[in-house]
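Novice: So you can see what is in the structure, the chains are spelled out below.
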Amino acid sequence: MIQKILEERVYSLGILLVITALITSAVFPGTFPTFENFSQILLNLSIDTIVAVGMMLLLISGAFDLSVGSIVAFTGCLTAYLMHFFNIPVPIALAAGLASAFLIGWVNGYLIAYQNINPMIQTLAMMGIVRGCALLVSGSGIQNLPYWFNAIGQSKLLGVQMPIWYMLATVFAFTFLFNKTIFFRRYYYIGGNEKAADLSGIQVKKMKMTGFIITAVLAGFAGILLSSRLGAALPTMGRGLELRVITAVILGGATLSGGFGKIPGALLGALFMGLISNIMVIARVSGYWQDIILGLILIGTLWVDKYLQKEYAGVV
Amino acid sequence: MNEKQRYIEMLVRRIFIGAIIVLFGSCELPPRNENITRHDLGTDFDSVDIVNEEYVMITTAVTMPMYVNHDQAAFKRWGKKMNVKVSILGPADWDVPAQINTIEEVIGTHPTGLLINGTDPAIAQVINKAVAAGIPTVVYDSDIPNSKRHAFLGTDWYEIGKMQGEEMVKLIAGKGKVAYMGILGLTNMEQGFLGLLDVLKKYPEIEVVGKYDDKANVEEAARITSDILAAHPDIAGICGFDSNSGPGIALAVREAGKTGKIKITTVDWEPEHLQLLKDGVIQMLAGQKRELFTWYGAQFLYDMVHRTNPLAQNDAKAGITSVPYIINTGLLKITPENVDQFIKR
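Sequence order for the protein chains is A and B. Numbering of the first sequence is given in our numbering, commencing with residue 117 and proceeding in unit increments. Numbering of the second sequence is given in our numbering, commencing with residue 170 and proceeding in unit increments.
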């Protein structure tokens with residue numbers, strides 16, 4: 117049982133989350149353990165988690181995408197631009213926004229999978245290009261978006277904000293897909309040993325390209341959702357999101373070398389980071405310390421995790 | 170299919186449809202945009218905690234030296250003088266959604282007052298949420314006019330651009346090539362760019378050769394300036410709009426050996442800026458009185474909570490606040506003539 121828990125980051129991180137939440141509830145009983153606060157934590161991490169699901173898929177296959185933050189900004193800005201300046205109906209603008217994300221993902225995927233460009237170089241370049249496009253499209257930002265667009269991210273269902281539902285739906289859908297479909301399980305084989313996967317008949321290049329497209333579309337969806345939640349599209353949205361998301365996903369059990377990780381791990385990793393952030397706000401820890409503390413926690417968690425695995429499970 | 174199976178199927182279908190109806194019935198849409206009226210300003214602060222008084226400043230890019238040395242230093246000094254707790258929160262980088270998240274989380278902790286850096290109009294909703302929660306809320310730096318904030322203190326960024334434009338025209342005698350840079354996409358900076366261009370366009374012999382994004386980074390500003398110098402060796406002047414623009418432009422101009430030949434105007438008055446002005450590399454600094462934003466902003470919060478100057482029998486019921494609605498703290502024009510007054514010894 118202990119061995120199982122230690123082997124699976126999802127379980128060990130889940131336990132760590134519960135322990136942290138219990139201790140914080142005891143220290144800040146008036147402000148931490150409230151429905152509003154938990155709801156706020158989930159709302160704040162919903163955008164990151166949707167992107168993290170895509171990033172988890174890529175990391176399982178042994179790749180990553182640094183352009184996701186820029187895609188978040190661009191799709192939000194493009195959708196807003198079409199609605200605000202051309203009066204394009206909300207559903208068509210949404211489709212155009214998602215289509216643009218699809219196209220960016222396709223370009224990334226094609227050049228990485230078929231032209232063998234290094235994922236870091238390709239997505240780093242795309243990060244700059246797409247961020248520039250977001251600036252071109254939106255200038256200093258677009259306000260006064262249509263009511264029904266804002267309703268996508270600002271409505272509530274059963275008293276819970278919609279972005280939380282979208283996040284949960286994304287996590288459940290991809291968990292199901294990874295558990296029940298052969299197509300998605302192939303990403304583990306690709307991440308574990310790309311050459312062997314290729315020799316066994318898996319269309320590695322096509323699968324890798326699809327992975328980048330899925331990640332970009334999820335980032336596009338997150339961008340639309342963020343604009344809708346803010347009621348505005350800002351070209352500065354999603355700055356630094358790529359590193360936050362990669363951190364959350366690695367915390368959630370993925371490795372940069374590929375072959376490992378589970379979709380719920382993306383949620384738990386983001387949840388853990390969101391929880392720590394929230395505790396620091398409640399404890400009034402100055403912003404100067406927040407990045408330092410988050411970095412230390414990431415290193416500390418991974419180190420303890422490795423140590424325990426080695427000590428009790430014989431797994432390094 | 171027998172009768173019993175059909176009955177169960179029908180029952181399941183009805184339950185499913187019922188669940189869908191209940192689910193959609195419980196869907197709560199956001200409120201329609203309301204017009205902000207003066208009446209909205211009157212907030213009852215009876216629920217505000219003045220026993221464990223705590224005033225919270227929330228900004229973005231909390232570690233930016235300009236914020237630390239001016240805004241935050243004055244806010245901390247104010248807290249010390251008034252003997253109340255002050256806290257400074259926000260993301261380390263320029264991240265407006267993260268600032269919004271922080272404000273949302275702080276609202277849940279019911280501080281005595283909120284002092285919010287008006288980074289972008291997108292923060293209006295969360296400001297309204299704070300006001301609706303009965304928390305006195307003051308915005309500083311850039312106004313968020315579409316919000317229900319109780320008061321605003323800051324600088325008119327259009328005036329910053331205008332001041333730079335007017336000085337640049339004087340420095341280059343109304344003719345020559347001019348470039349400008351800052352953080353593209355920020356509302357206040359775009360206002361500044363507009364102010365600059367409105368002045369420059371009145372002079373047909375001035376050619377604006379480019380608008381550049383230095384990403385608030387000294388190295389980037391220096392790199393852009395080097396490129397400008399290569400593309401336009403006859404450039405007459407460069408204007409900077411963020412705290413790091415000036416040092417970056419100055420570095421490249423100095424390295425090119427064109428100190429004093431290319432005129433530089435920029436914003437802010439950190440020790441580095443003042444020294445560059447003293448050395449003759451920069452010709453003018455458009456400074457903001459940032460200390461006043463947060464000192465008086467905090468004081469306004471205090472006065473609202475403590476009802477220092479009640480104007481009616483009950484200000485909240487009268488739909489008013491007892492603090493100024495908008496304060497323009499004005500600008501500082503620092504030139505070689507008065508720079509010594511600003512250098513701390």
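Please note: incorrect hints may appear among the correct ones.
[What the hints assert, rightly or not] One-sided and incomplete, this derived list gives chain B residues near chain A with beta-carbon spacing under 8 Å:
1) V181
2) L258
3) G259
4) A291
5) T356
6) I489
[Stated by the list, open to error] A few chain A positions that, by computed beta-carbon distances, are all more than 12 Å from chain B:
7) K120
8) L214
9) V223
10) I233
11) S254
12) M278
13) L284
14) T297
15) I298
16) S316
17) G356
18) K378
19) N394
20) V397
21) V401
22) L410
By construction, these hints were calculated from the structure, which means they are not laboratory data. Each residue gets a CB set at the ideal place from its N, CA and C atoms; glycine is no exception.
Novice: Against this structure, judge whether each hint is valid.
Specialist: Taking the hints in turn, this is what the structure says about them:
1. V181: violated (21 Å)
2. L258: holds (6 Å)
3. G259: Result: holds, 5 Å to nearest chain A Cβ.
4. A291: Holds, about 4 Å.
5. T356: T356 (chain B) check passes; min Cβ-Cβ to chain A is 5 Å, inside 8 Å.
6. I489: violated (27 Å)
7. K120: Label holds. Min Cβ-Cβ 35 Å, cutoff 12 Å.
8. L214: The assertion about L214 (chain A) holds, with a minimum of 20 Å to chain B.
9. V223: The claim stands: V223 (chain A) keeps its Cβ more than 12 Å from every Cβ of chain B (closest is about 23 Å).
10. I233: Check passes; 25 Å lies beyond 12 Å.
11. S254: violated (7 Å)
12. M278: violated (8 Å)
13. L284: For L284 (chain A), whose nearest Cβ neighbour in chain B is about 14 Å away, the distance exceeds 12 Å, so it holds.
14. T297: Since the minimum Cβ distance to chain B is about 25 Å, T297 (chain A) lies beyond 12 Å and the statement holds.
15. I298: holds (30 Å)
16. S316: holds (42 Å)
17. G356: G356 (chain A) not clear of chain B: closest Cβ-Cβ about 5 Å, inside 12 Å.
18. K378: holds (26 Å)
19. N394: violated (6 Å)
20. V397: Violated: least Cβ distance 4 Å, not greater than 12 Å.
21. V401: violated (8 Å)
22. L410: violated (10 Å)
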